[in-house]
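Protein chains: 2
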Amino acid sequence: MKPKISIIGGTDGLGKWFARYLKNKGFDVIVSGRDIEKGKNVEKELGVKFTNNNIKAAQEGDVVIIAVPINVTERVIKEVAPHVKEGSLLMDITSIKEIPAKTMEKYAKKGVVVIPTHPMFGPSTPSLLRQVVILTPSEEHKKSEWFKKVYNFLKEEGAKVIIIPPDKHDRIMGIVQGLTHYAFISLGATLKELNVDIKESRKFASPIYELMISIIGRIIGQNPYLYADIQMFNPKISEIHETFIDQCQKISEIVKNKDREAFVKIMKEASKHFGSEAKRGAYYSDKAVFALTSEIENLNKLIGKEIAVKNINSNKIHFGILKSIDDDYLTLEKNGNEQKFNILRVDVFSGEELEKLKRKHLKRKHIDISILFKRDVDENIILKLLKDLFDIDIVDIYEGKNIEKGYKSITFRIYGYNKKELKDKEEEFLRIIKNIGGKERFSKIKKLKN
Amino acid sequence: MKPKISIIGGTDGLGKWFARYLKNKGFDVIVSGRDIEKGKNVEKELGVKFTNNNIKAAQEGDVVIIAVPINVTERVIKEVAPHVKEGSLLMDITSIKEIPAKTMEKYAKKGVVVIPTHPMFGPSTPSLLRQVVILTPSEEHKKSEWFKKVYNFLKEEGAKVIIIPPDKHDRIMGIVQGLTHYAFISLGATLKELNVDIKESRKFASPIYELMISIIGRIIGQNPYLYADIQMFNPKISEIHETFIDQCQKISEIVKNKDREAFVKIMKEASKHFGSEAKRGAYYSDKAVFALTSEIENLNKLIGKEIAVKNINSNKIHFGILKSIDDDYLTLEKNGNEQKFNILRVDVFSGEELEKLKRKHLKRKHIDISILFKRDVDENIILKLLKDLFDIDIVDIYEGKNIEKGYKSITFRIYGYNKKELKDKEEEFLRIIKNIGGKERFSKIKKLKN
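Taken in sequence, the protein lines are chains A and B.
Going by the UniProt record's numbering, the first residue of the first sequence is number 1, and it counts up by one from there.
Going by the UniProt record's numbering, the first residue of the second sequence is number 1, and it counts up by one from there.
Keep in mind that the hints are not guaranteed to be accurate.
As the list claims (entries may be wrong) - Cut-off 16 Å, straight-line C-alpha distance, at most; resulting in silico cross-link-like pairs (EDC-like, lysine to aspartate or glutamate): (1) A:Lys192 to B:Asp246; (2) A:Lys334 to A:Glu306; (3) B:Lys265 to A:Glu193; (4) A:Lys265 to B:Glu193; (5) A:Lys236 to B:Glu193; (6) B:Lys387 to A:Asp388; (7) B:Lys365 to B:Asp391; (8) A:Lys168 to B:Glu200; (9) B:Lys287 to A:Glu295; (10) A:Lys434 to B:Glu210; (11) B:Lys272 to A:Glu193; (12) B:Lys192 to A:Glu239; (13) A:Lys279 to B:Glu210; (14) B:Lys272 to A:Glu239; (15) B:Lys287 to A:Asp167; (16) B:Lys192 to A:Asp246; (17) A:Lys160 to B:Asp326; (18) B:Lys358 to B:Asp347; (19) A:Lys160 to B:Glu200; (20) A:Lys439 to B:Asp326; (21) B:Lys236 to A:Glu193; (22) B:Lys287 to A:Asp347; (23) A:Lys250 to B:Glu193; (24) A:Lys387 to B:Asp259; (25) B:Lys149 to B:Asp62; (26) A:Lys323 to A:Glu306; (27) B:Lys434 to A:Asp286; (28) A:Lys287 to B:Glu297; (29) A:Lys256 to B:Glu242; (30) B:Lys192 to A:Glu379; (31) B:Lys356 to B:Glu426; (32) B:Lys358 to B:Glu295; (33) B:Lys384 to A:Glu428; (34) B:Lys160 to A:Glu200; (35) B:Lys250 to A:Asp35; (36) A:Lys434 to B:Glu379; (37) A:Lys287 to B:Glu295.
Hints listed in this document are in silico derivations from the structure and should not be mistaken for laboratory results.
Produce the complete structure using the sequences and hints provided.
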């Protein structure tokens, strides 16, 4: 039988994400949370069980997952860990690991397996496929059956699993998340303090400044409480902050003293430390920059042509003629109406991709045309030749009564999106047909309202 | 007559770039520099005149452009500016503007027009098209004929021209270049100081950390002397450094005190200052990240298929079967030999683009096949139908002797890259032809050695 899974704080964020994911995988899932109304809604939405009693949820689970915000994780572990059944598995999914690992080990009963976990993704991720999940169990728990089960489950779901001790995790995350957030938030605060007009400054921008501004914008727009906690609950962060401030001060001093050689030495040493990663960085950022500029250049080539515009968030698709591009916006014209779209928020389709989308999303009309061909003609070869020029199928083949001897009637169906287009296609089709040995029998246009 | 242009320091870097560009535009160009051997080579390479006497170059030019490194710009201006002819134009192309502007105004004779200039691009740029060029003339010189000429020239070349006072330029550049370089060099030094294994750290990386690492790698790999000078010669840089260090210290203190609300306030205020630019940043960085991950996903789909790989630097093209992808490398197989390419250093082509490249770069073989069609058949329509399935042309049309009455002979030429491929194509071609009213006359394969 599949284990029963209790998710403490499963009514929100990544906890809710796991509740849905595991429920869909066929597990029996209980979620707990303080807010009864929200809990009832999640119960209905996901088809899981809800309780507002964390301890009860902890008592019932074969697997108990702590999924509360970082700042209350320690308190909630102390509250529920002693109630987890012997033989059960206790996990947390916080972005820091040293504190939760120690607290779970200390407060869980003997016989409870502890696997502190850090899923390196947010609740907008569709599945575990290719996502990084970090596990930081003790040497003892690493040998447990539960660990094997968790590991195998994650691997089967396509996740990239990394196993390291909790303190090493926090040091690396102190860099990967902590230093990154810290530096960009500080940059954002600096630009505010210096009262820099961001939009204006982009006029002068190198692609790298543009990238930096984007990352700052991205980070300062996130949930500030989560970002505060990622800084505040990482025991390694002070050392990292201090080292960064030291380096900033050192370089600032060097610049003040116009000590060129000292400045050059710092850059060279950093570059040496990076080794081949410095070159990789140049290549990688080139690609990122190039991807963005070439998107705009490709768009410019499409002005005056038909395109489809798909909103990245809503997935809604719009068809029309690309009229113009200015700044971050493109203008689409359809039946004389103009609509503006933020280029950064849409995917643009043209050519073959546009045709595919039209077939999928627009109502096609069609015309049927019957053509006489000699009996020994292979209609599949004819169709193959025509497929490149027309959206076309064969809907009927007929020999016998009313058909000249030695001939067969092949009825082609040509699709289009309006009457004018179909008329043009019909003409072109007949012109081709008479050059490849076909004779028109009769044609009729169907569904031609517009 | 076109003005004579003297470029002081025109044997290297952006000075040499302008020498080439202006020479190609038909100007009479003199370059000066200290290194006689280098100068002689540039003279030969670009077809310009060289002198190792800066003063002489300055005396001769109708336009004199100072293009020496930042750290010697002031000294060279003092040396040459007094020798620029009355009625001439004096410019510099340094990344800082306050010091050169003041020095040029002070040392140039009355009657010399001064236009301090900052071209926002490097010598790897192909042309002025879409490049940003900043001009920082005084109000007086802004009214001059020379200014109109320069402005119009840049506009005609497709550059984006920005006109601002030199001190405002230095402040904005202190942000756009100065703060950006400073922050990323400090980050690089920090990662070195903390002895972070960069490659290892990327395993844990979020896309944003990956971007940050790339930008650091890119910046610390540049010419450190140029980067030192950009910091050291900008009069606004101290204030910017200090503000940044203050913000870092303030946030570090807040984190140490676990003052969540203060942290949240800083993020929110920065976000408010960014306004709609915060969201734009999120969108823009999304696109950058997506462009990179989707490139890898698209590559994965091409495994086992024929592709072309073009080296971004050398433009050399390789054809082969994509065997595998690991880390940053792809393996290409050709005639049993395998070759590895850094994915970040190549563009990959498949499908239609691959076909275009093959036609351009590989030696095509061909086969000619003569087919009898009725006289009234339009061979252009037949060719159009076949073009999608074959690399094909019509090379001869013949009626008369030896040809059945009422018929004409159309000779098609089908191209391919080897004998086997051509044989297959011939078979397919004949199968099609007999279904569309054609009769084989004769065929011959040419250039079939392999």
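Do the hints match the structure? See the list:
no.	hint	verdict
1	A:Lys192 to B:Asp246	holds, 13 Å
2	A:Lys334 to A:Glu306	holds, 10 Å
3	B:Lys265 to A:Glu193	holds, 13 Å
4	A:Lys265 to B:Glu193	holds, 14 Å
5	A:Lys236 to B:Glu193	holds, 15 Å
6	B:Lys387 to A:Asp388	holds, 10 Å
7	B:Lys365 to B:Asp391	holds, 11 Å
8	A:Lys168 to B:Glu200	holds, 12 Å
9	B:Lys287 to A:Glu295	holds, 10 Å
10	A:Lys434 to B:Glu210	violated, 61 Å
11	B:Lys272 to A:Glu193	holds, 12 Å
12	B:Lys192 to A:Glu239	holds, 14 Å
13	A:Lys279 to B:Glu210	holds, 13 Å
14	B:Lys272 to A:Glu239	violated, 30 Å
15	B:Lys287 to A:Asp167	violated, 34 Å
16	B:Lys192 to A:Asp246	holds, 13 Å
17	A:Lys160 to B:Asp326	holds, 15 Å
18	B:Lys358 to B:Asp347	holds, 15 Å
19	A:Lys160 to B:Glu200	holds, 14 Å
20	A:Lys439 to B:Asp326	violated, 57 Å
21	B:Lys236 to A:Glu193	holds, 15 Å
22	B:Lys287 to A:Asp347	holds, 10 Å
23	A:Lys250 to B:Glu193	holds, 12 Å
24	A:Lys387 to B:Asp259	violated, 67 Å
25	B:Lys149 to B:Asp62	holds, 13 Å
26	A:Lys323 to A:Glu306	holds, 9 Å
27	B:Lys434 to A:Asp286	violated, 53 Å
28	A:Lys287 to B:Glu297	holds, 15 Å
29	A:Lys256 to B:Glu242	holds, 11 Å
30	B:Lys192 to A:Glu379	violated, 70 Å
31	B:Lys356 to B:Glu426	violated, 21 Å
32	B:Lys358 to B:Glu295	violated, 22 Å
33	B:Lys384 to A:Glu428	holds, 12 Å
34	B:Lys160 to A:Glu200	holds, 14 Å
35	B:Lys250 to A:Asp35	violated, 35 Å
36	A:Lys434 to B:Glu379	holds, 12 Å
37	A:Lys287 to B:Glu295	holds, 10 Å
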